[in-house]
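K.L.:
Single-letter residue listing:
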Amino acid sequence: ETGVTQTPRHLVMGMTNKKSLKCEQHLGHNAMYWYKQSAKKPLELMFVYNFKEQTENNSVPSRFSPECPNSSHLFLHLHTLQPEDSALYLCASSQARGGGETQYFGPGTRLLVL
Amino acid sequence: KNEVEQSPQNLTAQEGEFITINCSYSVGISALHWLQQHPGGGIVSLFMLSSGKKKHGRLIATINIQEKHSSLHITASHPRDSAVYICAVSSYQFYFGTGTSLTVIP
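As you go down the protein sequences, you meet chains A and B in turn.
Position 8 (the first sequence) corresponds to 8 in the numbering used here; numbering is contiguous.
Position 9 (the second sequence) corresponds to 9 in the numbering used here; numbering is contiguous.
It should be emphasised that the hints constitute simulated quantities derived from the structure, not laboratory data.
On a predicted model such as this, the values are computed, not experimentally measured, just so you know.
Hints are not guaranteed to be accurate.
To be verified - Here are the simulated DSBU-like pairs of lysine-lysine, each with C-alpha atoms no more than 30 angstroms apart in a straight line: (1) K41(A) - K55(B); (2) K40(A) - K68(B); (3) K54(B) - K19(A); (4) K41(A) - K53(B); (5) K40(A) - K54(B); (6) K52(A) - K19(A).
To be verified - Reference listing, derived: stretches of chain A covered by chain B, where coverage requires no fewer than 3 residues with Cβ under 8 angstroms from a Cβ of chain B: (7) 41-47; (8) 104-110.
We treat Cβ as the ideally placed atom computed from N, Cα and C, and that holds for glycine.
With the sequences and hints as input, model every part of the structure.
P.N.:
Okay, here's the thing in structure tokens:
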């Protein structure tokens, strides 16, 4: 399998639930990203990992917790989310975190928080 | 104000028409990217360019660094081109436009 995969593709959760989103890349890349895409808004960068180290956290609430056990896998752990967190969550990877590089995106997880 | 502005926000075209989507940006960049997002959600990178013009099939992307402007052209548009087209610019940070929703009618 090639490219960037994400599971699950769709997720419905209550505000008291705990769930995790998974991303896997088969491209040999060293940088991985989590983005949030809400309707009519630009993509929002949430977290960046470069060589398994978190390099950026763009003021994301603590109810979102990322984990990067190795360069191929990235998780986003979710707990006590709010309805306004409903969105499409996209994972991406690139060769390295340096600026100007092409990012390869996964298909996204569409999250609905009730 | 967003660092990247796209126009139009929505575009409907008849099959076969020539389409232009515009992107203006206000920050210094090392590259500009055109992305395509189909209704399922996944995003595909179409072009990365830092100067001049690139062509891939029926798609052409141009950039004018001095004017901080880029255009994406689609020649002989087809219903399968229907998607959201997103302009993004990168230096160390990535900045994204809100996208142009294109519908091509048979």
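K.L.:
Against each hint, give a clear statement of whether it holds in the structure.
P.N.:
Status of each hint after checking the structure:
Between the alpha carbons of K41(A) and K55(B) the distance comes to roughly 28 angstroms, so the proposed pair stays at or under 30 angstroms and holds. Under the criterion of a C-alpha separation no larger than 30 angstroms, the hint pairing K40(A) with K68(B) is consistent with the structure, at around 23 angstroms. Between K54(B) and K19(A) the CA atoms are separated by roughly 42 angstroms; this puts the pair beyond 30 angstroms, and the hint is violated. For the proposed pair K41(A) and K53(B), the alpha carbon gap of about 28 angstroms is at most 30 angstroms, so the pair holds.
As the CA atoms of K40(A) and K54(B) are separated by approximately 28 angstroms, the hinted pair is consistent with the 30 angstroms bound. A distance of roughly 22 angstroms separates the Cα atoms of K52(A) and K19(A); the hinted pair therefore holds under the 30 angstroms criterion. Counting residues of the segment 41-47 of chain A whose C-beta sits closer than 8 angstroms to any C-beta of chain B gives 4, which meets the bar of three, so the coverage hint holds. Beta-carbon proximity to chain B at under 8 angstroms applies to 6 residues in the segment 104-110 of chain A; the threshold of 3 is reached and the given coverage holds.
Violation of the numbered hints given earlier is confined to hint 3; every other hint is satisfied by the structure.
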